[in-house]
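S.K.: Sequence:
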Amino acid sequence: MLSAYGHSWVYGTGARQHSEGFVELATRELGIRLDNQAESGSLSTETARLVVARPPRPADVFVLMTGFNDARLHGANPDGRRRYAEALEIILHALHKAEPQAVLLAIEQPYVEDYSGHPPYDKASDAIVDEYNAILRTAVEHFPPGARTVPVKGWDATTMLADDNVHPNDRGHSVLADCLVDAITRSAR
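For what it's worth, the numbering used here labels the leading residue of the sequence shown as 7, then goes sequentially.
What the hints contain is simulated information worked out from the structure, not anything from laboratory work. Heads up, the beta-carbon is just placed ideally off N, CA and C, and yes, glycines get one too. Check the hints yourself; a few may be wrong.
With a straight-line Cα cutoff of 35 Å, these simulated DSBU-like cross-link-like pairs (lysine-lysine) come out [unchecked claim]:
(1) Lys-103 - Lys-129
(2) Lys-129 - Lys-159
(3) Lys-159 - Lys-103
Label pairs and their calculated CB-CB ranges [stated by the list, open to error]:
(4) Glu-52 - His-24: 28 to 34 Å
(5) Pro-106 - Val-58: 14 to 20 Å
(6) Thr-164 - Glu-95: 31 to 37 Å
(7) Glu-92 - Pro-125: 21 to 27 Å
(8) Glu-35 - Arg-63: 31 to 37 Å
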């Protein structure tokens, strides 16, 4: 089973149909069950509260994608980055505790074309997204070999975003699914 946590991208927002979201696509391709615990609009702190209130069930693979809404809301604010790092520690520990032998994949956030829409979630930039991805990589490095970050190779913000310029369209979800399938397949070797 694959258990997924995070924001609206993990939930499947932006795809024409929810069933075409990237974790749905990946689990269908791999023939494994999905437990999607993602919540649209969630911050990392909300995901941390979720895994404390409802501890994760054991799974073969955990997928986490969080931090985009944090970056968009807090921008360069150091307190926002600190809260993100603290939330990641809580989330990663909860996932590891649920199944210490599981593969734990944290997907790095790709860029969008324009961060200025959707106030107050309008404070990010490519550089700030890079900072949040660096925090994610640092947090994941403290976990066993089964934990790693997954960069989204082949991402093109000009063609892979829905009209809202915040969520991936079907093409974006397809690229995310390919990256996830590749990461899971490599982890199984």
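S.K.: Now tell me, hint by hint, if it's right for this structure.
M.R.: Structure-based check of all given hints:
Proximity of Lys-103 to Lys-129 is assessed by CA-CA distance (about 34 Å); at most 35 Å being required, the pair is judged to hold. Distance restraint check for Lys-129 and Lys-159: the Cα-Cα separation of roughly 25 Å lies within the 35 Å cut-off, and the hinted pair is therefore satisfied. Simply put, Lys-159 and Lys-103 have alpha-carbon atoms about 29 Å apart, close enough for the 35 Å limit, and the pair holds. Checking the proposed 28 to 34 Å range against Glu-52 and His-24 shows it is violated: the Cβ atoms sit about 20 Å from each other.
Between Pro-106 and Val-58 the beta carbons are some 18 Å apart, a value that agrees with the proposed interval 14 to 20 Å. Checked against the hint of 31 to 37 Å, the C-beta distance between Thr-164 and Glu-95 comes to roughly 35 Å, which is consistent with it. Between Glu-92 and Pro-125 the beta carbon distance is about 25 Å. The supplied range of 21 to 27 Å therefore holds. The given range of 31 to 37 Å is broken by Glu-35 and Arg-63, whose C-beta atoms sit roughly 22 Å from each other.
Checked against the numbered hints given earlier, the structure breaks hints 4, 8 and satisfies all the rest.
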